[in-house]
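Undergrad: Fit chain B to the known structure of chain A by using the hints.
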Amino acid sequence: MPLIYQIAYVLLALSAALTLVRALKGPTNFDRLAAVEALSLTVVGFLIIQSVAREGALFLDAALGLALFSFIGTVFLAYFLGEGELHE
Amino acid sequence: MSEVTHWSEWITGACFLLGSFLFLASSIGLLRLPDFYVRMHSPTKAATLGLMFLALGSLVSNLREGTAAWLEDLLLITFVFFTNPLSAQMLMRAAIASGVRQMPGTSGKPPSREVEHVGKAEPVPRSDKEG
Chain A
0 MPLIYQIAYV LLALSAALTL VRALKGPTNF DRLAAVEALS LTVVGFLIIQ SVAREGALFL
60 DAALGLALFS FIGTVFLAYF LGEGELHE
Chain B
0 MSEVTHWSEW ITGACFLLGS FLFLASSIGL LRLPDFYVRM HSPTKAATLG LMFLALGSLV
60 SNLREGTAAW LEDLLLITFV FFTNPLSAQM LMRAAIASGV RQMPGTSGKP PSREVEHVGK
120 AEPVPRSDKE G
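Order-wise, the sequence lines are chains A and B.
Mapping to numbering that gives the first Met the number 0: the first sequence position 11 is 10, numbers consecutive.
Mapping to numbering that gives the first Met the number 0: the second sequence position 23 is 22, numbers consecutive.
Same shape as in the complex, but just chain A (with noise of 0.2 Å):
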């Protein structure tokens, strides 16, 4: 069992790597904010992975806190990128 935890933990890290890659290189800010996001949600699958290994259950608790923020930021700033013509 630690060892399939070891392996999503490798393919996490290059999810966020490559993830990071776009976040750098991005040609708009919209390719930035949306690598941005990508990033944060494997953070919180990081997060879910590290509760069931160390069995606790305060790691839900950030990723759930994580995603909501990373939801609310990510609306927020297409709010902001948008000029405010998100509604037509």
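Certain hints may be false.
Stretch by stretch, here's where chain B covers chain A in the computed footprint (C-beta under 8 Å, at least three residues) [claimed, not checked]:
#1 23-33
#2 50-62
#3 73-82
Derived by calculation from the structure, the hints in this document are not laboratory data.
Predicted, not measured: the structure shown is a model, and the values here were computed from it.
In this text, a Cβ means the ideal position worked out from N, Cα and C, and glycines have one as well.
TA: Same frame as chain A, now just chain B:
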């Protein structure tokens, strides 16, 4: 772990492997696809499904242990299922509104105001709110 692994732990492990593989596929798509609008569907669909699989594995593990934390996993699955496509939609709308360019072979245009108001009903006068 010295004791015999329960069968539900294999479900947890399979969910974790599938979820992290989906995360990897989503990041590869985010890196390699050519356009912003094309690129946007990979962190929307694949990462949502990957995170739901990870939370499902944690839910199975918490159900086996008998703790009440599976409710939190269920909350996380529901929350991600509803909010991640919503934030992607907001991001795409902002990109359309600020004129991010498409790749050359794209068929179809982003919805403009004329397209949105074509319908069976009579045209609604929108002269009060221009701009």
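Undergrad: Hint by hint, say whether it matches the structure.
TA: Results for each hint:
1. 23-33: holds (count 6)
2. 50-62: Holds: 7 residues of the region 50-62 of chain A have a Cβ under 8 Å from chain B.
3. 73-82: holds (count 7)
Violated hints: none; the structure is consistent with every hint.
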